[in-house]
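Peer 1: Listed here are the chains, written in short residue letters.
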Amino acid sequence: MNLLEIHDLNVRYGGITALHKLSLTIKAGETVMVTGPNGAGKSTLLKTIAGLVKPQHGSVVFDGQLITGCAPETIAAAGFSMVPEGRQVFNSLTVLENLRVGTGMRRNKLAVAADLDYVMDVFPVLGERALSQAGMLSGGQQQMLVIGRGLMTAPRLLVIDEPSLGLAPLVTDQVYEALMRLRVERDLTLLIVEQSASRAVMTGGRMVMLREGRIVLEGDPRELTAHQMQQAYFGYEDEPATESTQ
Amino acid sequence: MNTFFQRHRLGTPLVLGLALLLITILSLTGSAGLQRTVTEMLIRMVMVVGLFIFVGHSGVMSFGHMAFVGIGAYGVAWTTMEPSMKLMMLPGLHKMLQQADLPWVVATVLGALLAAFVALLVGSVIMRLSGIAASIATFSLLAIFNVVYSNWDSVTGGASSIVGIPTSVESWQALAFAVVAIVLAHLHSISRYGLGLRSVREEPVAAQSCGINAWRQLLVAFVLSAFVCGLGGGLDAQFLGVVNPDAYYLSRTFTCLTMLVIGGSASLSGAVTGVVVLSALIELLVRFEAGVSIGAITIHLPTGSQEIVVGVVMVLMLIRRPAGLMRGRDWSWPTRSSPAKANLKAPLSN
Amino acid sequence: MTATLQYLFDALSLGSLYALGALGIALIFGVMRLVNFAHGDVMTFAIFILIAPTTEAVAPLWVGAWSTPLLVLTVLVAGAALSIVSEWLVFRHLRHATPATTMMASFALGFVLQNTLLVLHSSRPKAVNLWPTLSMPMNLWGARVPGLQMLMISITMLLLIGLAWMLKRSRVGLEMRVAAENFDMARMLGVKANRVILVAFGLSGTLAALIGLLMVSQTGLVDIRMGGPMMLVAFVATVIGGLGSLGGAVLGGFLIGAVSTALQAWLPLEARAFRDAFVYLAVIFLLLWRPDGLFVTSAVRQRV
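Protein sequences, first through last, are from chains A, B and C. Quick note: this note's numbering has the first sequence finishing at residue 246, numbered continuously throughout. Quick note: this note's numbering has the second sequence finishing at residue 350, numbered continuously throughout. Quick note: this note's numbering has the third sequence finishing at residue 304, numbered continuously throughout.
Bound conformation, chain A alone:
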């Protein structure tokens, strides 16, 4: 079934159009990697789905509900969780308090406790430093914290904006390992924005490439050639193929 349906989304910031009639469908259980150069509209797309930005035109349907123009907290309650760019931990709160922020809307306290244990299991460092101030953690630890925090809202769709930003490759590996584990164990649908196209290829799932507010390439990254991806990324897909650059 379709978990997320985006139809003809048009978003403008002042005089600049960030998204042009963008349409995208994500099925339940899928993993979708959104890539593309800077300014392609990736973050705008995520912010629009999350409810922080109101589109001028178009609709977003989540789990059968129309969520366009809804408040972010309503969208979160519907089962959508976003981990934004730059991590954005609550610096003045402890790790544990950070994790608890998203649990307010959940009724089942036992499930909340179970989820907390699970998060501590996937990310042991969070358990070790549960009472430390979140601002004191390292970049990688903070990334794990915000993913855990996003999980605590019991989402069906987890969206992560640039999980590898500012992190060493080794740390990024750990983060992605955890994400893949979550995907399976929690039956999560994942939407990951990742600038590194090679990381997108490694993770599998479906790749969607954005450029200048439009989708220029879509498909299984294992079936797309490097050449195709380069062309789309830099914007040469309209030009005739020159000598092979493979």
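Keep in mind the hints are simulated off the structure, nothing from the lab. Some hints here could point you the wrong way.
What the hints assert, rightly or not - Computed list of lysine-lysine pairs in DSS-like fashion (alpha-carbon distance at most 25 Å, straight line):
1. A/27 - C/168
2. C/192 - A/109
3. C/192 - C/168
4. A/27 - A/54
5. A/21 - A/54
6. A/54 - C/168
Quick caveat: nothing in here was measured; it's all calculated off a predicted structure.
With chain A fixed as given, assemble chains B and C onto it according to the hints.
Peer 2: Chains B and C in isolation, oriented as in the chain A frame:
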């Protein structure tokens, strides 16, 4: 076509000046009451334009500028009143001031210079603060002024009014100074100080990397705006013939800020337009408070409702159209070729 | 020794009032980055329900004639309600406006409130004699301290402790803290924006009404302008404490109370009237030293 006229955007002060000239001439054909209203409006114009010089370019809301107006007003009182009256009413006045009896223009300028000097001292501290903290600090500036001038009985007459200031100011004098204020504001606006300050407001880090010192730009604008406000105060004193610390406190602050915001604080034309529009509105409301008969019915608003209406209008304006009536644009001289719109971005609408 | 003790209580009770005022300001600033210049007028409006609206010099008591618990409850609720209504009518529509705009809007709101009171009650101060027994002095270690001062200090202490507990331990407190730090992120985690802001405004209004009650008990007068001086100090206390820091605001309030009392004691007689000016001067010097206030929070820090 890159003429001197266009490069310095002289169209704007020219249009504004001519409009005010027109209003003044028209008022002279009307009753004495109308002339007084227009003169008051022109004096307000000086104060609000002064306010614009700082608020419009920095985006920092200042609640303290009436202190400078007051300093200018009292300065004029000290230098133009008859010496014998001063001896009686203000015994603590320094001998030089007590004997001073200066021509009104000189007195006005001196009063404004005093205000500018105070602004220099105070501004060097306040301008280090962040925008919000600076605004709060300007509030305390106003409070200090009020406390000091209300209690320094021997020099300022305390909380009661000083009367007997020669009333040298009428429509033409007020108009002249309004034009001077507009010219000063315009010159600052197109100078490197005005532009520098605006760049600080829009992109502080980028401005810094261009070598622009935020604190200095703010200070220049603050001092100049205090000077112009001081001129307004001097005019006010010499129009009414009376000064009183409470006249330059919260009520006047609110009126002037409202005029600026309603017109649009980002442009000079906004300041001017705001003064004209709001003066007209207030005049209308005051007439209704006094009682207006339409046909057989007399509408009589309770006293104090004028302020309430203005306040409500202000709040509605801020919600619906925070950039004001002019939205940061300026009136300019109509040219035959396609005009380049003076596109000054509005700070209050970000 | 007794004189010093006397001054200590004076400073503490004055500081309590200022601290409560600063807290009301800081609560709203924390969640909304709004400096609420109408706060003092909300306080005054809530207090004026004690008397019936009339432009006569002597006003009959209205709520002021009710039994003490009912009176206190009504006034506090009035303050909270007025504050919440002001949010709903005005500030809700300015959630994404610049600080200059919101400051101006709150200034205008305050102006409207004050002038409404002017129309209803005239500008004359009216006498309201609330709890005369409170002005009876208690004997504490040799110092004669009015019961009201002790009440002020104890209420403030209890409130501060209670608020600190609420912020640290309760769900509402957690949500307020996260909303103050990163409002958008909090919303994306399901924190209801409107509820948090409502709580902040409600608390703020209640605090304002409380200060008003204490002030009226002390002075025996209600005056449409009584909000001004109190709130000005509250703003200044918030600034020197560091914008965005609740603890800093409280500390700032006590600091100004201490400086003010000290100046009252040590200034020569002729200079006493200028005491307030000296307090603000002292604040200016403090700001020269620490422009961002005593506690720098993320509210003011700029990220490149």
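Peer 1: Are there hints from earlier that the structure breaks, and if so, what are their numbers?
Peer 2: Failing hints, ascending: 1, 6.
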